[in-house]
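Student: Take a look at the letters that make up each chain.
2 protein chains.
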Amino acid sequence: MSKVALAFDLGGTELRAALVDREGRLLAFASVPTLARDGVMAVVGQIEILAETVRREVPDAVVAGIGIGAPGPLDPKAGIVLGAPTLSGWHDVPLAGILSDRLGLPVRLENDANAAALGEWHFGAGKGANSLVFVTISTGIGGGVIVDGRIMHGRRGLAAEIGHMTITDKGERCFCGATGCFEAVASGTALGRRATAITVAGDGSRLRVLSGDAEVTGRDVVDAVRVGDPMAISLLEDEARWLGIGFTNLLHLYSPDVLVMGGGISNGFDLLRETVEATIRNRAMPAYRDVPVVPAQLGRHAGLIGAASLILRDEDETALQVSTGENPDNHTETEPVGTREAIHG
Amino acid sequence: MSKVALAFDLGGTELRAALVDREGRLLAFASVPTLARDGVMAVVGQIEILAETVRREVPDAVVAGIGIGAPGPLDPKAGIVLGAPTLSGWHDVPLAGILSDRLGLPVRLENDANAAALGEWHFGAGKGANSLVFVTISTGIGGGVIVDGRIMHGRRGLAAEIGHMTITDKGERCFCGATGCFEAVASGTALGRRATAITVAGDGSRLRVLSGDAEVTGRDVVDAVRVGDPMAISLLEDEARWLGIGFTNLLHLYSPDVLVMGGGISNGFDLLRETVEATIRNRAMPAYRDVPVVPAQLGRHAGLIGAASLILRDEDETALQVSTGENPDNHTETEPVGTREAIHG
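For the protein sequence lines, the chains are A and B, in the order given.
Here the first sequence is numbered in our numbering, starting from 870 and rising by one per residue.
Here the second sequence is numbered in our numbering, starting from 870 and rising by one per residue.
Next up, chain A with everything else stripped away, as it sits in the complex (with noise of 0.2 Å):
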């Protein structure tokens, strides 16, 4: 059997495994609602149980080692988990290292949101492309980005902050303390309090039936505009030009390809795609007009598969994570394990 890799992707919510081959395919898959209170060891507990399960799923797999996206800041090179918003007590932790000495495979590590563009690039949407910008659009905005053939990490693995950028003066404040930013005003959630603020429970609206008169949701506006709302299409219409604002500074700033929009309003795609197209014509320089924007291919499982991309492809040399350490579980002589030669053999 040839070589696959043991794949991660450690949400705050959920903590996903797989089994992952040469070409982006899933051969095992598990998942588990992520202890994300009880701190770093409860969660390497559930790693090494995620990951006999799907080892277990097709035992003749030869593993090659262990990607794992996880929530950002991070450091790729050293493998170490600076600090997790969405994990408590996760400052600093060198995770590479400690799941390496545990499960006896090198480890690489990379921030979720680069992860899934990897995923996109190797095996999605950005197939083939030199460089490429992937946003995910959900509740918040974030990114990845390929530059020349490498993913860019920068200072701290700190870099694409994608939706921290400042694009209008208009906008609420946005969780971050700055106004103007682009999540602010073109996150899924800004489209459903835009949604709401129009709105008010009980009122019979197509988007509050939607929402079941609760707050209305940006996926709820999606799916008003596809049985023809007027309300709704006026919002998507807003929130396709924010994009198109965004998207153009992206291409821009970074000249990629290819852009590719992922994140749960992508399901929105084909609705936003000529006003998001057009406001990129209208403001991008001409250079820049005719990249194409595509929607993401690999859905939630880009960064599970991005991940595994991590040990599958080399490209990303300075990502690289190497262990030569022993199994602290066996206590036995071993074989060194995590070589360079066994992640590019």
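Treat the hints as calculated values from the structure; they're not laboratory data.
For clarity, every value in this text was computed on a predicted model and none was experimentally measured.
All residues carry an ideal CB built from backbone N, CA and C; glycine is no exception.
Treat the hints with care, since some could be wrong.
[Stated by the list, open to error] Residues from chain B that face chain A, not an exhaustive set, calculated with beta carbons under 10 Å:
1) S1000
2) A1029
3) Y1123
[Stated by the list, open to error] With beta-carbon atoms standing in for the labels, derived distance ranges:
4) K1039/B <-> G1073/A: 37 to 47 Å
5) G952/A <-> R1150/B: 54 to 64 Å
6) K1039/B <-> P1161/A: 29 to 39 Å
7) R891/B <-> V927/A: 52 to 62 Å
Chain B: place on chain A using the hints.
Tutor: For chain B alone, coordinates are given in the frame of chain A:
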């Protein structure tokens, strides 16, 4: 004598040449007004003459190759100037190949803003940084970005079009056609325009006295602040706030170790600094607030020194331009020139 580079900075008004040593020092320098309207071969002729001029000054110099900064967009890998707005008739010019044939040396080409970024990175204000953003604030706003130890190119070498990032709904229409571009509100031109708008020729204001009752320039504003003019102080405060907003975006998007500010307006760096830094502290997410913003060190020679670094340093493999042709001016049999060994040896 140790290895030196022959460097050119090809501008729309001035063509500069220098011999630059491994420490980034200019051993010889010469310049001429660019024959910008006379087509490619007129400029190539100027380059050949300047090459002779500077080489004659240091006859024992061993020239390892030619680095040239030219107006973008250009393809650094192929060594082709795609289209230079300030040079008539320059479309798809294989400049590196032409010069390599003429001068019998390996040639590497980079766009002028990237060349300046490389100069400041290798020999100036950004020495030792792994990631760096260089922003030049003068007539327009441009820049170059080093990420993870490499200059960022992107599709068609068009990355880092910093001036045309939208940061506001305000401001006059930018020459690019959009509104709210960083350049449209924060360039030296924008600063001068604001100063011109609130004064009148002959009004006796410090700004108009300094401008000789012509249109006020950004430089005039800086000069007026130096003599304590309150109107100029207020204008420069606004300028610094716009710079702070734009710089905050650049920190979020590229996560550099240092942001280097060059261009004419950086003459007022000491006056701008406090408000620029306060704006960043106020708007940037915590992890980005302590990134130093520093003035450029190489002044008008940054591009020339950076062009030399293309030959003197080999970090940026992607811009490699190699000639294996012969010198057409010399039809005797010659050794092939411009092998990789010749560059890197």
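Student: Let's test the interface hint: is any C-beta of chain A closer than 10 Å to that of S1000/B?
Tutor: Because about 5 Å separates S1000/B from the closest Cβ in chain A, which is inside the 10 Å limit, the hint holds.
Student: With respect to the beta-carbon atoms only, verify the hint that G952/A and R1150/B lie 54 to 64 Å apart.
Tutor: Because 19 Å falls outside the window, the suggested range is violated.
Student: Return holds or violated for the Cβ distance of R891/B and V927/A against the range 52 to 62 Å.
Tutor: holds, 55 Å
Student: Quick check on A1029/B please, does its C-beta sit within 10 Å of some C-beta on chain A?
Tutor: holds, 7 Å
Student: With respect to the beta-carbon atoms only, verify the hint that K1039/B and P1161/A lie 29 to 39 Å apart.
Tutor: The hint (29 to 39 Å, Cβ to Cβ) holds, given that K1039/B and P1161/A are roughly 31 Å apart.
Student: Starting from the range 37 to 47 Å, see whether the pair K1039/B and G1073/A falls in it by beta-carbon distance.
Tutor: For G1073/A against K1039/B, whose Cβ atoms are near 39 Å apart, the range 37 to 47 Å holds.
Student: Hold the hint about Y1123/B up to the distance rule: shortest CB distance to chain A must be less than 10 Å.
Tutor: holds, 6 Å
Of the hints listed earlier, the one the structure fails to meet is number 5.
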